[in-house]
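Hey, can you work out the whole structure from these sequences and the hints?
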Amino acid sequence: MMTIADEIQRIFRVADVEGLIADGAPDDEYDSEAVEVAEALAALKKEDLTEKNISAIISLVWARSFNRGEEEIEMRLPAFREIARKILGAS
Amino acid sequence: MSSAVDTACLVESLAALRMGYASSRPPDPDHVVCPPWTRRDLADIAYVQESLDWLFREAKSGLPLTEERHGWTMRTVTGLLQSFERKERDYLAKAGFNPSQPRVPAGSTEGGRWTESGGVAGGRTAGDSAPFRQPRSSFEVRPASKPNAPKKPRHPHADSPYFHPETGIYDPPIVPVYPVEILIATVYGERTFSLAISAIRRKLQQRRPYNRGRQTDHGHQRVGDRSITDKDIDAAIETAKKSGNITVKNGPYNTPQHHYHGSNGLTVIVETQGRNAGKIITMYGKKPKGKL
Numbered sequence: 523m524m525t526i527a528d529e530i531q532r533i534f535r536v537a538d539v540e541g542l543i544a545d546g547a548p549d550d551e552y553d554s555e556a557v558e559v560a561e562a563l564a565a566l567k568k569e570d571l572t573e574k575n576i577s578a579i580i581s582l583v584w585a586r587s588f589n590r591g592e593e594e595i596e597m598r599l600p601a602f603r604e605i606a607r608k609i610l611g612a613s
Numbered sequence: 065m066s067s068a069v070d071t072a073c074l075v076e077s078l079a080a081l082r083m084g085y086a087s088s089r090p091p092d093p094d095h096v097v098c099p100p101w102t103r104r105d106l107a108d109i110a111y112v113q114e115s116l117d118w119l120f121r122e123a124k125s126g127l128p129l130t131e132e133r134h135g136w137t138m139r140t141v142t143g144l145l146q147s148f149e150r151k152e153r154d155y156l157a158k159a160g161f162n163p164s165q166p167r168v169p170a171g172s173t174e175g176g177r178w179t180e181s182g183g184v185a186g187g188r189t190a191g192d193s194a195p196f197r198q199p200r201s202s203f204e205v206r207p208a209s210k211p212n213a214p215k216k217p218r219h220p221h222a223d224s225p226y227f228h229p230e231t232g233i234y235d236p237p238i239v240p241v242y243p244v245e246i247l248i249a250t251v252y253g254e255r256t257f258s259l260a261i262s263a264i265r266r267k268l269q270q271r272r273p274y275n276r277g278r279q280t281d282h283g284h285q286r287v288g289d290r291s292i293t294d295k296d297i298d299a300a301i302e303t304a305k306k307s308g309n310i311t312v313k314n315g316p317y318n319t320p321q322h323h324y325h326g327s328n329g330l331t332v333i334v335e336t337q338g339r340n341a342g343k344i345i346t347m348y349g350k351k352p353k354g355k356l
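Going down the list, the protein sequences come from chains W and B. For the first sequence, my numbering assigns the number 523 to the initial residue and increments by one for each residue that follows. For the second sequence, my numbering assigns the number 65 to the initial residue and increments by one for each residue that follows.
Careful: at least some of the hints might be erroneous.
Derived CB-CB ranges, DEER-like [as the list claims (entries may be wrong)]: (1) W:Asp550 to B:Lys124: 40 to 48 Å; (2) B:Tyr155 to W:Ile526: 48 to 56 Å; (3) W:Met597 to B:Gly253: 17 to 25 Å.
Treat the hints as calculated values from the structure; they're not laboratory data. Glycine is no exception: its CB is placed at the ideal position from the N, C-alpha and C atoms.
Next comes the structure, spelled out in structure tokens:
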């Protein structure tokens, strides 16, 4: 049975925000970011599990992990929102 | 760089910034945290410190510093240092500080203090722009106290409503500091930002600062997960350069990248422009011979 962390890993893999998997990187490329997001979501109350909050968490994790600045994060916001929607749908 | 006025405040704020949190309100990058330094300045100072650490490690590794890999960082750091110096000089000039004012010689309890007579114009020359403390008048009235009693330093945030005198803990609310955090707070609202940063706070505290030298945090994680060494990475880049097996392309958000395909089977992706210029974002492929 897939856990929510597994599901988030799968969603990140499919989204391939940085295009690294398409370039040939292994499927586990974004697993550490997915685990970090899953841990953060586990710290939220159920009523706080909203697209907005999840998207903000992904943005913060991404900014740290990939050393992205505000303009770069802004460009990726639609992708993060899409991921957040999928996570909500999966949880 | 020396701090102009309140060293303790500056050091504490920098430590807080490194953790990704601010030490005071409001979430405004131009808010003055320790005069004359604003939040933005402190973030820049933290960036300069990390960049200098990285450059030092790079130089120490024996590889030559090159324009392609280090030029952008060196120019940015130099520019920032010059702007810090200018700002500090202007601030001190406005405060009426005279760097050639004499000081009490070392060896006495007053040693090092600025005085109006009988001291030495020592230590720092008129050309120095960054004194370590504010000038003091020799007519200052000092409280009578035991000469050798150690004076407990006053906490820099003792007057703050977020300071708990019983525990000595200063616990300010989490506010956006880095531009990316300000962006998130702007796009999603303060509450969402606060909630999101709280959710990942424990994780953030376990992590080291943004800058991991030549790799992004993501790259560093991949090095660990995939048991790849610095030597493997250097070998991949070197052999790819020699054989010309380098793919130049743009990432999905138009970030220019070089993909080095090393003869050891390792592919190393390096971004070549922007804040990650010269940084490895990931590496993958067959492990080098003997490590499979």
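Here is how each hint holds up against the structure:
1. Distance hint for W:Asp550 and B:Lys124: a CB-CB separation of about 32 Å, inconsistent with the stated range 40 to 48 Å.
2. Look at B:Tyr155 against W:Ile526: about 52 Å separates their beta carbons, and that is inside 48 to 56 Å.
3. The beta-carbon spacing between W:Met597 and B:Gly253, approximately 20 Å, falls within the hinted interval of 17 to 25 Å.
Comparing the model with each numbered hint stated earlier shows that hint 1 is the single one that does not hold.
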